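One letter stands for each residue in the lines below.
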Amino acid sequence: MTHHIFSFEWRHLKSSGLFRITLLLLPLLIGYSLYLGNERVKQQEDTIISLRAAEASFYEEKRQELVAIEQGEKEVKRWFQDPANPLVLSRFQGAGKHVFLKPKPLAALSGGQLDILPNYGRVTLTTTEPLRDNALENPFMQMVGIFDFAFVLVWLIPLFVIVLGYNMLSAERELGTWALLRSQPVSINRILAYKMLFRLLILCGLVILSLLLWSLLFGISLLHADGLALIGVILLYIGFWFALCALFNLFMTSSAVNAVGLAGFWVLFLLLIPSLISMLATSLHPVPSRALWITEQRSIEQAVDQENDALFDEWITDHPEEFVNENAPDFYEVWFRLLLVNEAVENRLAEAEQKFKEPGERQTELVSRLRPLSPPMWVQSWLERRAGTDAQRLRTLDHEMKAFQQEWYDFFVPRFRRLEFLTSDEYDLIPDPGL
Amino acid sequence: MVVFTIARNEIRRLVRDKVVLVLGLVMLSLLAVSVISGAGYYKVMAEQHEQAQELARIQWENQGEKNPHSAAHYGTFAFKPVTVLSVFEPGVDRYTGVSLFMEAHRQNFATYSLAEDKDASMRFAELTPAFIFGYLFPLFIIFVGYRSIAAEKESGMYRFLVSQGVSVKQLITGKAIALWGIIALLFAPFFIVGLSVLILTEPAGNDLLRFFGMNGVWLLYFGVMAHVTLGVSALSKSSGSAMVFLLAFWMISTLLVPKLVTNFAAQIHPVPNTSELYQRIQADLRGGIDGHNPYSEHSAAFRDSVLAAHGVEDVADLPFNFSGLMLQESEEFEKKIYDYHLAKIEEIHQRQIQLFAASSVLSPTIATRLASMTTAGTDIHAFSHFTQAAEAYRIQLMRDLNMDLKVHAVGDRASGYAVGSDFFAENIAFTYQRPNELIISAGQRISLLVTIVWFMASLLFLMIVSSKREEL
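These protein sequences, in sequence, are chains A and B. Numbering-wise (the working numbering), the first sequence opens with residue 302 and increments by one. Numbering-wise (the working numbering), the second sequence opens with residue 865 and increments by one.
If you're looking for bench data, these hints aren't it; they were derived computationally from the structure. All figures in this text were calculated on a predicted structure; none of them were measured in a lab. A couple of the hints might just be wrong.
As the list claims (entries may be wrong) - Cβ pair distances, simulated, as ranges:
1) A/Glu708 / B/Ile900: 46 to 52 Å
2) A/Pro715 / B/Ile900: 56 to 62 Å
3) A/Glu659 / B/Leu1064: 30 to 36 Å
4) A/Leu639 / B/Gly1275: 31 to 37 Å
5) B/Leu1064 / A/Leu514: 57 to 63 Å
6) B/Lys907 / A/Gln598: 21 to 27 Å
7) B/Asp881 / A/Leu502: 35 to 41 Å
8) B/Leu1324 / A/His304: 49 to 55 Å
Beta carbons are placed, not taken as given, at the ideal position from N, Cα and C, and that holds for glycine.
With these hints in hand, go ahead and build the complete structure from the sequences.
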């Protein structure tokens, strides 16, 4: 029986122009999305390699210079060029380290929010600078978004499912073969189930086979837990849309009404619910303009700057043992004060910035609660999380940079305050954020 | 008269159709919600930007006593103006930075785009009239119109009408009038509410003209969708196949082509990454005067030439402050370098936009979106206009500061020269004027033209379909 239905279905599908187009177009779209994704990940990895290499060569050069000085082969000309000076190694030109959010195994499959949020940043003693390679991109591109496998899966594949499944039974009615089918010794539900299963298998096979073959070609590994989970999600997602098609075929009358109804569900899940959720989140938790943040930032900097003397006096009173009073070089007090001011500014900024960050965080919370209302939104979010390109992960960059900056600060600042310069052996102790 | 009878009957049928009624009401409610919530958001944003701009000026004027060049490093901010038209067509507004830091020696990029702070669901779909008109309304037109002729064939009414002497042309014209009638019925309330919102928020400059232009573009787009829908419905054997074909057309036009083309354009015309750009700029800057390093080769040569021109041997003997002159000289040199590199980036963006516009031959949605952003003044060209105005202001402010140093920090006053709030209050303030013209770049014209061409082509398609012989 199964064999019969499958072979009739195959003959039927083979003669359909839409099916032939699907057979050709879908693998090509998947291939192009994976090609772009692979290029994107390669670029990220290249950036990491080249920046790590630049950091390593900066510190290696300084170490060799210091070794030469220690052996008396070279002299320090100016204090800000001294490779033993903690400030030179932690704050001045070329110093500092990069913190990266490394691409995850499924990174090539979903670009997520990588086109608007930074994925790495440079940390020095006084600055944390978030960076992304594509910052000069045309904003129109960001408006349209990245073409990735997630887009093909979440947005386009349901349309292919609808095209393949909207008239599974209704066409039989319209062609007059319905009565013939009913006269068979098999129930209509069973026929529908087999027809659906056959089309489901064909489409899932096409998607998964294309995904595997292109991945193999581009060297994207899917042989890990996330890769297997992805296959499961693809099956579930395509299954969900086929189930919808089956429901329409069971209860609706004509193919045209099925097509309209299914397209309506597509619009509901992919456009309407997400746009309403987004609007709700924006209205309930409006994000204030960063224009206000910029001016507030400046007000804080100005206010702290005016407290410069008070900050310095307070610190000296509290930690007299950590200030070198005698024979200190000229730059010492200037930089001592500057670091104090910077620390105070950073602390107050962190507090003040909360009110600009909080609404966005609340929006995200609300959206994640409402996301199950739209399976496509859920799949998109799942893929972004597994690819490590979701906004929540990318927004942790700031925290990661600050955490590393603290480590950097704890290593260099006490040495600077005690005017303890580094030896070439101590270079190995310089903190590294790792990968 | 037959045409109007067909149109009247079709409108009556559509209005009585519960699905059309529900879909129409959904469209209207979505439009109303999007305009009302958008207008509220616009009001808050406009106030916040105005407040920030005022505060930035106060901060500039009260920065304390300092050397004018220290003030140049202290810098100030320009905030992107918010236009009420972004309520209807936000364009690239969410993706461009809101603030531009203007300081000595360098041109910065605008930072902090709204997209960075908002939840990512916005990128799935954002409820704005532009989104509704770009994506949902064409689907509504398809839903309403796909059966209009195909169903007549299926029900046998087509044969009946033709046998009664109704020509295909009359039938299609009648159906087209009916479809346009439904579109007008839904569009009119939006237009009236939109216009009221615009008038209530006291439109600036040519906002009204822009609003009319933007609506004109959308109407052309609806025309394209309506004509294609009717044409396909007339050519299809069944309403089911008409629906599937039209859905495919919609998918290609709104989803597939825009995504494919933008990503393709980024590959064909890649922009350099940020660090690459800064490295190139730094390399070029080394080839000229460094205002902060009098010992550099170029600075020394410049100093010698100035000394020779004035017949003195020491800069202290010059009748003006040499640092002021040198800083201005280096500022102008740096500007040239930045202008050159940024113009290159802009050129790449232009090429990409040209490619999008060219691809709109395959997608009326791209053409319409580009054209509606152009008319609303929320496209990348409008943003560049703002950044250029900010740059013109920056260079003027830097000149004023350097010139003050040059003219006044002379003789006894040279050492420790400082200016205070009186001086800063006299500095020019940044005020941004949006362009008076709707079209400020040749690139923008293409998308408008392509939209019109799509409209004409769709009309022609419908006429060709109408002139076909009756097939019974």
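Status of each hint after checking the structure:
The given range of 46 to 52 Å is respected by glutamate 708 of chain A and isoleucine 900 of chain B, whose C-beta atoms sit roughly 49 Å from each other. A beta carbon spacing of about 57 Å between proline 715 of chain A and isoleucine 900 of chain B agrees with the range 56 to 62 Å that was offered as a hint. Separation of glutamate 659 of chain A from leucine 1064 of chain B is about 31 Å and conforms to the stated range, judged on CB atoms against 30 to 36 Å. About 32 Å separates the C-beta atoms of leucine 639 of chain A and glycine 1275 of chain B, a value consistent with the hinted range of 31 to 37 Å.
Against the hinted window of 57 to 63 Å, the Cβ-Cβ separation of leucine 1064 of chain B and leucine 514 of chain A comes to about 58 Å, which satisfies the hint. The hint said 21 to 27 Å for the Cβ distance between lysine 907 of chain B and glutamine 598 of chain A, and at roughly 24 Å that hint holds. For the pair aspartate 881 of chain B and leucine 502 of chain A, the supplied restraint of 35 to 41 Å holds, since their beta-carbon distance comes to about 38 Å. Between leucine 1324 of chain B and histidine 304 of chain A the CB atoms are about 51 Å apart, so this pair conforms to the stated range of 49 to 55 Å.
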